[in-house]
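Colleague: Sequence:
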Amino acid sequence: MAIFTVSDLHLSFAADKPMNIFGGAWKNHEEEIRADWISQVRQEDFVVLPGDHSWALHTEEAAADLRFLHELPGTKILLKGNHDLWWTTSKKMEEWKQHCGFSSLIFLYNDSIAVRSSGRICAIAGTRGWLCPGDSEYKAQTDEKIYLREAGRLRGSLEKANRLLDAVPEEERGEIIVFLHYPPYGQQQKDTLFTQCIEENNIKNCYYGHIHGFTDADRAEARRTGVQLRENGTRYSLVSCDYTGNHLIRIAE
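Per this note's numbering, the sequence shown runs over residues 2 to 254.
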């Protein structure tokens, strides 16, 4: 069983939000993602999607987008993004999922999920995240409360992940892999409550999305200057689909 990830698909099969207005990287991006997905992912694999799945405003409108995901191979683990306005309470989401028959989708929210990969049990943890202090759009009056709440959710998810792995025999114990929608270190690339929590738990790999607007030259420059960072033993990797070229990233065999 392998684990893959890609973020920010921004599907809009039922909403009038064509992504090609944002440039060539988004032209027919759904079909490019679908083709790459089918070429790599087997039914027994897992794909983690850290947010911004659909432009829909409610679950009924999101159904076409999530059906697209459900019909692709593998089990899909979805985290919430800032544009996922259709995302409601955990109870309502589970009821809606059952009603639609989306059995291959798992909504990760205030929790952790154990998955087997290469004979070991890994734990998937994470949360949406938020703007960080020092970001150009961060306003303490409105954002601090959400920032603190999301940091608490990440801590809670990691506590559950550690408990999951503590129950696994040592010879089968894998790593905790963290996913956020927002970059955990913010625009200033400085320590935040998110990075502190991640590094305190000795996380080796953290994946995130949210950032867009890359050309081929931008991708090369971003890699050079640190959109993918390694700090204090943790590698932070951007996996927005326009950054990956609409390719899924294999993160574990």
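No wet-lab data here; the hints were simulated from the structure.
Any given hint could be a false lead.
DEER-style ranges, computed between Cβ atoms [as the list claims (entries may be wrong)]: (1) HIS100 / ASN203: 25 to 33 Å; (2) GLN142 / THR90: 23 to 31 Å; (3) GLU45 / GLN142: 41 to 49 Å; (4) ALA115 / THR90: 19 to 27 Å; (5) PRO170 / LEU149: 17 to 25 Å; (6) GLY102 / ASP17: 23 to 31 Å; (7) GLY246 / THR143: 14 to 22 Å; (8) THR89 / THR143: 35 to 43 Å; (9) ASN233 / SER137: 21 to 29 Å; (10) SER40 / LEU149: 21 to 29 Å; (11) VAL169 / ARG251: 21 to 29 Å; (12) ARG231 / ASN29: 27 to 35 Å; (13) SER40 / GLY102: 37 to 45 Å; (14) GLY102 / GLU138: 19 to 27 Å.
Here the structure is a predicted model, which is why all the values come from computation and not from measurement.
From the three backbone atoms N, C-alpha and C, an ideal C-beta is built for every residue, glycine too.
Colleague: If any of the earlier hints don't hold here, list their numbers in rising order.
Modeller: Checked against the structure, the hints that fail are numbers 1, 5, 7, 8, 10, 13 and 14, while the rest are satisfied.
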